[in-house]
Amino acid sequence: MPSSSAETVGPFSFGERLGLLFEVQIAFLSATSVLCVIIWVLRSISISAKHGYDYKPLSHPIGLQFMSLLVFDLIQSTGAIFHIPWIARGHIDETLTCTLQGMFQHIGEVGVAMTTTMIAIHTFLAVAFNIELRTLYAQLIVTIGFAMGARADLPSIYGDTGFWCWIRDDFYPERVAFGYMWIWIAGLTSLLSYGCMALIVRGNLVFVNGLPKFQRRHHRNMLMSSRNSAMVWKMLFYPAIYLACITPISIFRFMSFSGVHVPDAGTFFSSCLSPASGFFNSLLFAFTRPSLSPQAALEKTTLSSDTGSMSDGAPLNKSWSPV
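276 is the number that the working numbering gives to position 266 of the sequence shown; each next residue is one higher, with no gaps.
Possibly wrong hints are sitting among the right ones.
[Claimed, not checked] Taking lysine to any residue pairs in the SDA-like style, the calculated list, with each CA pair at most 25 Å apart, reads:
(1) K244 to L202
(2) K60 to P71
(3) K244 to I72
(4) K244 to F139
(5) K244 to P258
Note that these hints are calculated values from the structure, not bench results.
Given only the sequences and the hints, what does the whole structure look like? Please build it.
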């Protein structure tokens with residue numbers, strides 16, 4: 011989570027504590043939602059294994075990316091929950107708790123940004139060129155993880171930034187390179203990728219020999235099934251929600267960089283949107299991936315049981331996709 015607009019002096023006021031408390035409530039809602047989805051998926055895997063289905067949603071790149079997004083959302087929400095001791099005390103103590111909050115918020119927000127970027131790129135390549143990335147995602151995570159770890163080993167990088175703990179003002183280059191930059195890259199990549207996908211589904215954009223070609227008259231892309239077209243339209247909600255979460259905080263950051271005073275109300279409003287992304291992503295994950303439902307697994311089990319088995323009594327070769 012980006013730092014607050016200014017360092018606070020003295021104990022928090024009632025209004026400041028109330029703003030932090032509101033963010034904690036949103037973080038609890040988000041963390042609970044993410045945990046429910048994770049349990050939902052794990053139960054689906056358990057049901058599938060019990061009845062003989064080869065159901066491995068995490069073996070597919072896009073499934074792994076979506077689950078990674080939820081895990082980073084959970085980490086980010088946990089960082090916001092660390093506000094509780096500051097609310098109780100009325101001030102921030104730069105102890106181990108402060109360092110942990112800075113780490114959770116930093117890793118969570120950068121992880122969400124990186125995963126959002128990879129989902130956007132992966133989905134665009136799959137829709138436009140029928141290409142799946144199976145190694146780039148892991149390579150990117152490992153590379154950036156090592157780069158972040160090289161800076162995170164400094165014990166003083168995290169500290170009091172006003173209303174919470176994050177990267178200190180003394181480490182401004184690190185704030186941009188390992189924080190804000192990834193958030194803005196994710197927002198821009200999502201906007202461009204999903205915007206192009208919307209044009210592809212409408213038939214306004216086609217790729218000929220790898221080159222884009224625009225068409226004024228639009229008609230539905232006949233190479234794409236109605237089911238896949240509907241799924242792409244649903245996935246457009248992901249960049250919309252991410253942009254809605256990062257735009258206010260980006261505006262206030264640019265204002266702060268320009269020397270413009272940012273009111274506390276704006277700081278708390280924008281900071282509440284970051285942990286809320288986990289709640290919205292959980293709803294969208296269930297909405298765009300309905301076959302992850304344990305009920306869907308059970309229905310498929312019942313259907314296959316009713317259709318019979320092989321002549322030697324062995325179960326049917328049962329396999330189903332989470333997409």
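Structure-based check of all given hints:
Between the alpha carbons of K244 and L202 the distance comes to roughly 16 Å, so the proposed pair stays at or under 25 Å and holds. Restraint check for K60 and P71: the C-alpha separation of about 24 Å stays at or below 25 Å, so the hint holds. Only pairs whose Cα atoms come within 25 Å are accepted, and K244 paired with I72 is accepted, the gap being roughly 15 Å. Note on K244 and F139: the hinted pairing holds, with a Cα-Cα distance of about 20 Å set against a maximum of 25 Å.
Distance restraint check for K244 and P258: the Cα-Cα separation of roughly 24 Å lies within the 25 Å cut-off, and the hinted pair is therefore satisfied.
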